[in-house]
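Novice: Here is how the chains run, residue by residue.
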Amino acid sequence: MSEAIAQWRGFKAATRLGWKISSNWTQPLIFVIYSVLRPLSAAFILVIMYRVISGGAPGTGAYLAFLVSGVAFWSFVQYGFAGLSNGIVEDRGEYKMLKYVYTSPAHFYVYLLGRGLAQLASAAASAVIVLVVATVALRLPIHPLGVNYPLLLSASFLALLAVIGMAMAYGLLLLQAVDAHGYGELGSGVLYVISGAIFPITVLPGVLATLASLSPLVYWMELIRRSLLGSQAIRMFPALSDGDVMLRLVVTTVATLLLAHLVFTWADRQARRKGLIDMESNW
Amino acid sequence: MDIAVETKALRRVYRSRRQEVVALDGIDLQVRRGERFGVLGPNGAGKTTLIKILVTLLLPSSGEAFVDGLDVIRQFREVRHRIAMVSGGENVGFGMLKVREQLWMFSQFYGMPSAQVRRHIAELLERLGLSEAADRRVSALSSGMRQKMNLIRGLITNPRILFLDEPTVALDVGAARDVRDEVRRWMAEDPSRTVILTTHYMMEADELCDRVAIVNRGRIVAQGTPAELKQQVQQDAIVDLQLSPGNRLLDALRAVDGVAAASVSEQDGIDRFSLHLSSDAALSGVMRVVEGSGRQIRGVQKREPTLEDAFVKLVGRGMAEEEQA
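Chains V and E supply the protein sequences, listed in that same order.
Quick note on the numbering used here: the first sequence kicks off at 1 and runs consecutively.
Quick note on the numbering used here: the second sequence kicks off at 1 and runs consecutively.
If we strip away everything but chain V, and leave its shape as in the complex, we get (with noise of 0.2 Å):
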């Protein structure tokens, strides 16, 4: 038998795996139920917020499609985000499976990618319904068959990839803390803050502006309204043409894949020196 082939069984069962512990808490109508009100409401928050602060004044339609966009996607970020960096602690303070899983052929990076990917596909679900929902309930110029999709799927692939990357990273981190609940939250949080989610990176302070124009999420994010939005899209980057703005992201993705090899690759020698795969948590 392969190794290819074996790793590929591994990739599957994970990911049938992550699907079942994201999907299989509850009956499967009152699921459907959560992840259609889940980012809904989210959404929903933002958009009254912004509503009741601008007060319907002129011209803060073009901002709505921003905030709106930003606030679809970003539900990637959040699921595979939070959920796989949680997904790890999980495994080894709830269920207590980390160590079968780790000692395991299966390679540690295919596990968790296939563990992540189920996030992800909760995640597009959350997105389309957003975007679907949005678009037709406050009237976003969005036009399905104006889309770029090339543009916007290309562009969230090698986002995805950073993700996904980083998720990795930070979860082999966290298994350093006794107490790891609520840290991918936390990591997910900071990222929301400075990808350009919700507010154009501008408005950050000089630092973190610059560390905001870092990350490959910032890119994405842009490139997604220019595809979503094409010229009625608010540009964080107006002077950048799209390829330009693909060639940031391309750079940033790459460096922010190698950063995560480092620091994943740092984290797990470090926990097999200090026995941290099946520590004692507080789960």
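These are computed hints drawn from the structure, not numbers from a lab.
For clarity, every value in this text was computed on a predicted model and none was experimentally measured.
Errors might be hidden in some of the hints.
Derived BS3-like pairs (lysine-lysine); straight-line CA-CA distance at most 30 Å [to be verified]:
| no. | chain 1 | residue 1 | chain 2 | residue 2 |
| --- | --- | --- | --- | --- |
| 1 | E | LYS230 | V | LYS20 |
| 2 | V | LYS96 | E | LYS98 |
| 3 | E | LYS8 | V | LYS274 |
| 4 | E | LYS302 | E | LYS230 |
Starting from the known structure of chain V, fit chain E onto it as the hints suggest.
Specialist: Leaving out everything else, chain E in the frame of chain V:
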């Protein structure tokens, strides 16, 4: 000699800001292929640390360890293709999965073909009395059933070397027997398979293992077949003395001339002393100490030596005392 597992001067130190604990202190071990090898010792002796290093979960502080001829530090990925580990006393499992599904899923992490493994899972579930629970969620299983399921998880992947870390701890008598029977049967199926078992149940090691290493405070204090280890105390007279509760007596008994070793455990309100006497004549000295203590004698009997006696002789104290220390 075909060696399945070997360690050389294996040492592991746990360091924290406040203290340093030496869990393994220079372990030299050779386990032959096809052996059921027991690592016996009290809680905290270093048994689990040894297993964790061998299954690539933990790095040693120094020394070397080889599994199936592979270095567990440098060749850990290759090692993982050849081993499986089962730990007892844990409420493990992805609770939302069904038993059959969880077992299948694990076989996939080992890259096994589905059709073949499904048949194997059904057979093992049947043999361990879990067939009716096969489609139940893992979260609905009793702890004993989970432990059996965990053993099946280890067996279905057909490892060359199976590591069992306290596999029967907290199991009832029947379930523990089922587990031991299955391990024996699994070994009999293929003579090249090897089992390394940690336990602090002397009876289990005696019954199940071809050879045993007695570990205490991170060191191997003796190793050999159970019969060889018991031989070490064969020349002693082993006397069990049951006394009513009272003042501490163990040190006074140990000081009696002719008492080679002594240990005590409490059971049902009675103190049970196990005495190793170098000659029967030492018993009169023991009785004088007991009379002087004011305790009542509830029973005295001479018996054949066990592994527990070998442990007491080698360490100077019983397992329970070592755990408290």
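Novice: Kindly indicate which numbered hints from before are broken by the structure, ordering the numbers from low to high.
Specialist: Failing hint: just 1.
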